[in-house]
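Peer 1: Chains A and B, in that order, are what the protein sequence lines are. Sequential numbering from 1 applies to the first sequence in my numbering. Sequential numbering from 77 applies to the second sequence in my numbering.
No lab work stands behind these hints, which were simulated from the structure alone. Some hints here could point you the wrong way.
Derived list of chain A stretches under chain B, where covered just means 3 residues or more per stretch with a C-beta under 8 Å from a C-beta of chain B [stated by the list, open to error]:
1) 8-16
2) 38-50
3) 63-69
Label pairs and their computed distance ranges (CB to CB) [as the list claims (entries may be wrong)]:
4) A/D10 x B/D475: 52 to 62 Å
5) B/D174 x A/D8: 47 to 57 Å
6) B/E295 x A/G68: 35 to 45 Å
7) A/L43 x B/R335: 41 to 51 Å
8) A/S31 x B/P139: 11 to 21 Å
9) B/T404 x A/R4: 38 to 48 Å
10) A/R4 x B/R207: 53 to 63 Å
11) A/L43 x B/A416: 14 to 24 Å
12) B/P234 x A/L43: 52 to 62 Å
13) B/L471 x A/D8: 49 to 59 Å
14) A/G68 x B/E235: 51 to 61 Å
Each residue gets a CB set at the ideal place from its N, CA and C atoms; glycine is no exception.
The lines below spell out each chain.
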Amino acid sequence: MAARVHIDEDMCIGSGECVRLLPAAFRIDESRGISVPLDGAQLQDLNLLVMAGHNCPTNSIRVVADDGTVLVASAH
Amino acid sequence: MVATAEEGGSRDLLESYSATITFDTYETVREALFNPSLSRSFDKRSYGHGNIRDGVVSITHGPTHRARRRVENSQFRPDKLRLYERVLFPTVLGELLDVLIDGEFVDIFPIGELVSVVLAARRAGLDQDDRALDQLRTLVRFVDVFSQGSAILDARDPEAVRTLVYRTYEEFERGFVRPAWDRRAALIQAHRDGRLDASHLPNDILTVLLLHRDDPHIELDDDGRVVRETATYLQGGTHTSAQTLTNALDLMFEAGDRRPDVLGLVARDRGFAQRVVHETLRLRPTTPKIKRRAEADTEVAGVAIPRDALVVLDAVAGNRDPAVYGPTAHDFDPDRTLPASVPRWGLSFGAGAHQCPGRSVAGGFPVPSDLGTDDEHLFGLVALMIQAVAARGVLADPDHPPERDLRTARDTRWLHYPVRFGPRR
């Protein structure tokens, strides 16, 4: 099962929690100090994507399954 | 000294509340920490009107806080953490302990402070001489004052703390921040003129603050705010580590009858040492009761919270919630089994946007559920500290009782902790 991954750039503080957990799915854009999803993030382990979403300190990560089910809803 | 806002605004200094609401389970405390309507801004006055923490990242809220964290979090990336944990700290730790453990009986708490302050000062952006004990002791004295300032909501004599903090900021700025600032300003200018590559700029908080100071979103146009921000990182990087070292020893001494091997195991096994640190943080959070102010009407776990309410988050109770940590939640058990989603340190580093930026510095990376660690894993500086002290043969000193810090109601804090050193382990 694939998923769409989105980061709310206004809310992200670049803690790097998602990068530490899943470096194949996220990276830090140091010029802006925020995390961005990598190409191919949607193909990563769904459980880890969900965990990254739940661990985000600002609830900035939204993960939506390919059938439209919202697995992690960003808070904003 | 108490100022109030004009019509329509929140009161600048919140001294009485529309309600006081306490949460004391793991899930409710965690939910509250993630709630964006709950802030740490109890005092919104200017520095000149009595707010000793005016503008520091810990009490900013919303867009300003996020912009500041984006800049400062760059100093907590894994590559920098590895440099500190694997290269810089082992040398500093060994050299200082050789000098400071100068007899059979010593007070371990100030030693923990001196060891911790070296790297905290470097990360903050100060240029002290790491081998000059007089400079390190001066920095520790500042940390002690700034720690009282950061806990002013729980101070027994807030006005005395305020006066002391004002005076100490001046001394800190004159003796340490200004020389470091001038050196960094010259380097940044050289970089902007094309004479210095960015890779040669210092890696520290003061440097990134000066680099980004023109960004209005981070609200650092006032020099005093830069000084206070630097002080915040110096204090935060020193105080928790020293207190946790001391609390870890206290818990291990208490556990001595049940686990006589615990200090030997710490000396031999860094993974176990890290789990001891996490268990210590869980049982003895340096901020036992986290406080928040409701900036607007909001709700946590179905409980309505009116604007200007005081929200008390009982971290001690949350960290011992049997629904999360099981029937042995009150016990000191570094080997406890937990699911990957539950932090071994509980809520002691906070959570949400204000989660402690230095969490991985002090505590390392989360321990995997199967306790296995790979080459990328970091154990945290406090694990290295307790391991070094355990290897040197630390023992309890029953003839000289430790002394808690009674200047604050935060009863997990120490002032003195005498220990004895026996044969090396």
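Peer 1: Provide an ascending list of the numbers of those earlier hints which the structure does not satisfy.
Peer 2: Failing hints, ascending: 2, 3.
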